[in-house]
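With these hints in hand, go ahead and build the complete structure from the sequences.
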Amino acid sequence: MMKRLSPWNLGATLYMPATRTDIADAILTSKVEGLRSLVICLEDAVSEEDIPEALNNLQILLETLAKAKAASGSAHWPLVFIRPRDVSMGARLVKTMNLSPIDGLVLPKFTLASLSAWWNFIEHTHLCMMPTLETEEVYDVEQMRQLAILMFGHPCHERIIALRIGGNDLMNVISLRRPRHLTLYDGPMGYVIKMLVSVFATRGFALTAPVCEHIDDHDIMDKELALDMAHGLVGKTAIHPNQITKIEAALRVSDNDYADALRILNSSQAVFKSLGAMCEPATHRRWASAILERAQVYGIISDRGNGGIVRVPLSQQNQG
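Per my numbering, the sequence shown starts with residue 34, numbered consecutively.
If you're looking for bench data, these hints aren't it; they were derived computationally from the structure. Treat the hints loosely; a few may be bogus.
Using C-beta positions, here's what the derived DEER-type ranges look like [unchecked claim]:
1. ALA315 <-> TYR224: 26 to 34 Å
2. ILE272 <-> LEU38: 20 to 28 Å
3. SER105 <-> GLN302: 46 to 54 Å
4. ASP252 <-> ALA124: 39 to 47 Å
5. HIS190 <-> ASP119: 20 to 28 Å
6. SER133 <-> GLN302: 45 to 53 Å
7. PHE305 <-> ALA282: 25 to 33 Å
8. SER133 <-> SER307: 25 to 33 Å
9. LEU183 <-> ASP250: 33 to 41 Å
10. ALA104 <-> ARG318: 42 to 50 Å
11. GLU246 <-> THR316: 32 to 40 Å
Bear in mind that the values here come from a model prediction, so they are computed numbers and not experimental data. Just so it is clear, CB atoms sit at the ideal spot from N, CA and C, and this is done for glycine as well.
In structure tokens:
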């Protein structure tokens, strides 16, 4: 069975300001359909003057979740993370609040220089990490290469579920905002995402896609999601519940890809043709394994558009 904290279980990660008072309902009552992961945000989504209110709400929420967990367990919950404002707030949360119901922290403005400060107080907890790459250093491929090498050999490696790409913050660094009629890939972020995938995915780190802030433009969302999948990203930040079904749909595996993946993992041939394309198990095996993992979580959808979603039990995924 796939680990609960697998990056494939993130799906559409919904960000909710910690000032909201309905977060417990979203976690405990399936109020938000299809929600797999949620981030309680104390950073950009909360103004400075509202921090005391947000922290008070968080304290009440944690007490509510702790009681619910003690009563019935939490295996059915979405993954729940907190995004503190900075390192000092993160350390304060760990020291003063009961974070036992929480799966991990989203680390804002994460850099090579801040890794040790975050790890100093996370190391001795159960918390996993989702560092966010969103500062000017991200544009420097050499700095990203150094960060990837350091994290790969660091004890934190086992705690990192995925790296989050902070699209809006990265655009802000260069004084830009995504045009309404273009995907994020049509501007400078297209290069940045490609570079980050090249640097981090080659070392086994999963990456998630930035938010699409044009909430009502479903055509742009669909185009962007197709590019997210083409770049191997494992999920996407959502800022509105109506984006969740779109992201879930993009993460479903086509029946053709699923069939190819099974053939690749079970074939004794070095090269063969499938559905008009060359399949080469020696070079396509890692792709095929990822396809089966996605299918296990999100199901299979027909390429011909004439079938429903098929869920794939792990027992049926013969990987040879």
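Verification of the hints:
{"no.": "1", "hint": "ALA315 <-> TYR224: 26 to 34 Å", "verdict": "30 Å, holds"}
{"no.": "2", "hint": "ILE272 <-> LEU38: 20 to 28 Å", "verdict": "23 Å, holds"}
{"no.": "3", "hint": "SER105 <-> GLN302: 46 to 54 Å", "verdict": "50 Å, holds"}
{"no.": "4", "hint": "ASP252 <-> ALA124: 39 to 47 Å", "verdict": "43 Å, holds"}
{"no.": "5", "hint": "HIS190 <-> ASP119: 20 to 28 Å", "verdict": "23 Å, holds"}
{"no.": "6", "hint": "SER133 <-> GLN302: 45 to 53 Å", "verdict": "51 Å, holds"}
{"no.": "7", "hint": "PHE305 <-> ALA282: 25 to 33 Å", "verdict": "30 Å, holds"}
{"no.": "8", "hint": "SER133 <-> SER307: 25 to 33 Å", "verdict": "48 Å, violated"}
{"no.": "9", "hint": "LEU183 <-> ASP250: 33 to 41 Å", "verdict": "38 Å, holds"}
{"no.": "10", "hint": "ALA104 <-> ARG318: 42 to 50 Å", "verdict": "44 Å, holds"}
{"no.": "11", "hint": "GLU246 <-> THR316: 32 to 40 Å", "verdict": "37 Å, holds"}
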